[in-house]
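Spelled out, the chains give:
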Amino acid sequence: MAKIIVEVMLKPEILDPQGQAVASALPRLGFTFAKSVRQGKRFEIEVAGDPTPAQLAEVEKAAETLLSNPVIETYIVKIEK
Amino acid sequence: MSFRIGVVTFPGSLDDRDAARAVEMAGGIAVPLFHASDDLKEVQAVVLPGGFSYGDYLRCGAIARFAPIMNSIVTAANHGFPVLGICNGFQVLCESHLLPGALTRNSNLHFLCRDQKLKIENTKTIWTSGFKPGQEILIPLKNGEGSFQCDDETLNMLESDGRVIARYVDFDPNGSRNLIAGISNERGNVVGLMPHPEHAIESLTGPSTDGLTFFTSVLHQLVGR
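Chains as they are written, first to last, in the numbering used here: chain B, 17 to 97; chain H, 1099 to 1323.
The hints are simulated quantities; they were obtained by calculation from the structure and are not laboratory data. Incorrect hints may have been included.
Below, a list of computed lysine to aspartate or glutamate pairs in the DMTMM-like style, where the Cα atoms sit at most 25 Å apart [what the hints assert, rightly or not]:
#	chain 1	residue 1	chain 2	residue 2
1	B	Lys57	H	Asp1154
2	B	Lys27	H	Asp1250
3	B	Lys27	H	Asp1249
4	B	Lys77	H	Asp1249
5	H	Lys1222	H	Asp1154
According to the in silico footprint, chain B covers these stretches of chain H (three or more CB under 8 Å from chain B) [unchecked claim]:
#	stretch
6	1212-1222
7	1240-1253
Predicted, not measured: the structure shown is a model, and the values here were computed from it. Glycine included, every Cβ here is placed at the ideal spot set by N, Cα and C.
Construct the complete structure from the given sequences, taking the supplied hints into account.
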């Protein structure tokens, strides 16, 4: 069943101490690939059947009002099969 | 005659009792308000206390914003009704867009609990009128997400309009922009403050009694209304 995915990230200019902590932990474990890390949130939303355009529009609205805080965060909505 | 000051209890509020006690110590009548009701019970001002409303799930204050009591508070606040948000209450005020900006994770990632020195920057708000300009106070600070963040434009606006009400002194606890500990709305009736004045009202339990002035300020202002 298809799911609606909402991904929320802090805006690039907002300090992300959690991401920084992850970035500094990686090399301690021998992982040297990361130049930087930013941490975000992912919401997986199930609806009955395949998501309709109307439902997606509602999810957009929910993402803007509840799931993200537009002052500090951005979001994207997508469908995952 | 005395004034009725409401203290809201959300699921997960911790400091509602201390806030109510501070109201009473200052000479007001503390009126418990409940998140699930939109009834302000004829109070003349409201305190949103510290804690972890709705478990602070999603973001601090994000779910509390949609509580029935907040609809009434936002409407009233837009008409000049005095509201003080402390710690989690400050986060709720930002999420409700009564105050600009947002509170994010402390830059050092630690939950911090300490007695924090502040400088009072604005004594024209309803909640800070009893302080002397530039007065330094010592009150407890305890939070994990107290870093005040906003864009440059908002920061310039807050600074040029004198809406920063208090700043951290001697120590940067959380990476807040311009060391901001508290701000007000344009009218000065809505104030958000990260540290806890309600825990500094008696020498037995607090580092000072400086916090009491926030509560006596609003009572004096209500007399003049």
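Of the numbered hints stated previously, which ones are contradicted by the structure, given in increasing order? 5, 6
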